[in-house]
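Chemist: Required output: the full structure, derived from the provided sequences and hints.
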Amino acid sequence: MMTLLKYEIYRRWRWLVLRYAALIIIGAILLNRVSSPAYQYEFIGESIGKFALTSLVIFIIIIVEGINMLKEDLFEECGYLTFTIPKKGRTILASKLVLLLLQLILWTVITIGFGSIFFSKLPYHEIVQIETQINFYFFPTVLFLLTAFFNFVLMIHFSLTLTKTLLVNKKYSGLLSIGIFFFLVYLIEKVYYGPFLNQIKHISIEVGSRSNIDLLSGGYTAVFLNIILIAIFFTATSYLLEKKINI
Amino acid sequence: MEQILKATQLSKYFYQKKALDKVDINIEKGKIYGILGPNGGGKSTFLKIAAGLLKSSQGEITIDNEKPGEYTKSIVSYLPEINHLYKWMKVKDALNFFKDLYADFNIERAKESLKFMELEEEEKITSLSKGMMGRLKLTLVLSRKAKLYLLDEPLNGIDPISREKIITSILDSYSEKASILICSHLIYYIEKLLDYVFFLSEGRIILSGNAEDLRNKRGMSIDKLFQEVF
Amino acid sequence: MEFNNNIPIYLQIIDSIKQDIVVGKLKAGQKMPSVRESAGILKVNPNTIQRVYQELDREKITYIKRGMGTYVTEEEKIISSLKEEISQKIILDFVEGMNKLGFSNKESISTLKEYLSKEEEIWNKY
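Protein chains in written order, with my numbering: chain A, 1 to 247; chain B, 1001 to 1230; chain C, 2001 to 2126.
Hints are computed from structural coordinates only; laboratory data are not their basis. Be aware that one or more of the hints could be misleading.
[To be verified] Straight-line Cα separation of at most 20 Å, DMTMM-like style, residue types lysine to aspartate or glutamate; simulated pairs: (1) B:K1177 - C:E2037; (2) B:K1092 - A:E8; (3) A:K88 - B:E1164; (4) B:K1147 - B:D1104; (5) A:K88 - B:E1066; (6) A:K244 - B:E1066; (7) B:K1029 - B:D1064; (8) C:K2043 - B:D1195; (9) A:K87 - B:D1223; (10) C:K2043 - B:E1164; (11) C:K2089 - C:E2037; (12) C:K2027 - C:E2055.
[Stated by the list, open to error] Rough simulated footprint, nothing fancy, chain C against chain B, three-plus residues with beta-carbon under 8 Å: (13) 1168-1180; (14) 1187-1193; (15) 1220-1226.
Fair warning: this is a prediction, and the values are worked out from it, not measured in the lab. All C-beta atoms in this analysis are idealised placements derived from N, C-alpha and C, irrespective of residue type, glycine included.
Modeler: Here it is in structure tokens:
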């Protein structure tokens, strides 16, 4: 896996350096603007906004790239090379996911790093207001979002892989992948999070744990559920890649 | 004689089409085989199944007594007809990739072969001509010390000079411990290399036999025989 | 070497080697190239060469020195009988060819005599 990971990094190392350097540099420039002695509070909102936008764009790039890492091996000619090297399906998939994970972590660290510095520049009363809200929910929420997006990419990988086992032509594959993906999302919303959540709600109330079960605000339970989904989709996709795909 | 590949009643269906229909093929060690036939007859499909890219619909295939999978990929060296090398690579990246992922890859031999094929290490894959790409792919595939070489149309779109080099390279890789399976519809150039031939059309084997015996019995070249049959 | 793909390759190679021995291109006692070398030079399957060498060995035209390779025979008898064999074949081809054209054997002989004496004349002019 390390060998494959090495190549996944090597082939796009310039892009990787570029995007994080850009994020850091833009962050630094914007930060500089609100740090000067002649600082006016009116800049802060604009600067935070611009940084958030940059960060969001980079995030989208990371996610799209993460999806394409498997998509091109499944649907383009280079798949003939990827799937004839003596590596198991899970190894091939893992090398791509590890790079995705590393990037998500790096992105999160940079964004939160700059984000917290920006927040510290806010007028005092605003800081206090936000802080109390953030504290309790912050860490689980971050974890929840990370695992959710990681799972999102993995579910798309699964949809693409399943499509490739069912269809050989490229014609309807886009449609089928999207169809499978949305079906999975529906399944998960209705079947997985719904009843499961209620079960766990009862258990955690009984045990008296602090975990928050409201999905949107995060909570370790939701994170745990995401991790289970990740495990399921990783196993399923690996199995298909190893035994069922037709390139 | 030991068998390296054994396909029994191998079939592959795509929707309504039978790409392979109950094919039986045995490949012995130390021999060079030709699978000959018109385009779309099933040759590439057979090779892809042996390489582990396609799953058979019915029947069995084993390579060194194992089903296609991680192990067989480590002993099978496959040359596809299409350009499968990663487009971001330079020639040297391709060499290093093969060295890193295949334990049986001989990088010294590959570098010598590059000189023979007149290819530069710093060239980008995307800037190679068809002939150069063909020579590069073949260099990579034949620089491995595999037990089974699967060559899908190695001479397609190749200029006469490259063709001679490719034929020489194929002969250089020959060993009594390995087998070579060549698919081609350009029979004239490769027929002298072949021990045994299979004629494959519409997914079925129409004819098979030792090349010299066929020349003797039919009184014609394999090329002519092919034209007669098809 | 140009091959006729319509006839078994190994037979053509055997004939070619026999010819080389008779004309002296391959000397008596000379070492033959290895199977691999021959295959590479002639661009044919090594197993074909293997068959050629086996056949030559069987006919005692070559012999194998253990661990050293294949050598052309040193026996004059065999080489001259080879010369005989090849010349007989040429003569057979000639006779059959002429008969096919409608020449009788007598006519064939006189045509041949004529041709050969014309040849000599041309040579003597120089």
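Chemist: Does each hint hold? Answer for all of them.
Modeler: Hints and how they fare:
1. B:K1177 - C:E2037: Holds, because 18 Å separates the two Cα atoms, which is no more than 20 Å.
2. B:K1092 - A:E8: Holds, at roughly 16 Å.
3. A:K88 - B:E1164: Outside the cut-off at roughly 37 Å; violated.
4. B:K1147 - B:D1104: Roughly 10 Å between the alpha carbons, so the hint for K1147 (chain B) and D1104 (chain B) holds.
5. A:K88 - B:E1066: Holds, at about 15 Å.
6. A:K244 - B:E1066: Between K244 (chain A) and E1066 (chain B) the Cα gap is close to 17 Å, so the pair holds against 20 Å.
7. B:K1029 - B:D1064: Holds. K1029 (chain B) to D1064 (chain B) sits at ~10 Å (cutoff 20 Å).
8. C:K2043 - B:D1195: 13 Å, holds
9. A:K87 - B:D1223: 39 Å, violated
10. C:K2043 - B:E1164: Holds - the C-alpha atoms of E1164 (chain B) and K2043 (chain C) are around 9 Å apart, at most 20 Å.
11. C:K2089 - C:E2037: Not satisfied, since the Cα-Cα distance of roughly 29 Å exceeds 20 Å.
12. C:K2027 - C:E2055: Holds, because 19 Å separates the two Cα atoms, which is no more than 20 Å.
13. 1168-1180: Contact hint for the segment 1168-1180 of chain B vs chain C: holds, 4 residues under 8 Å.
14. 1187-1193: Result for this restraint: holds, n = 4.
15. 1220-1226: As far as the segment 1220-1226 of chain B goes, the hint holds, because 5 residues have Cβ atoms under 8 Å from chain C.
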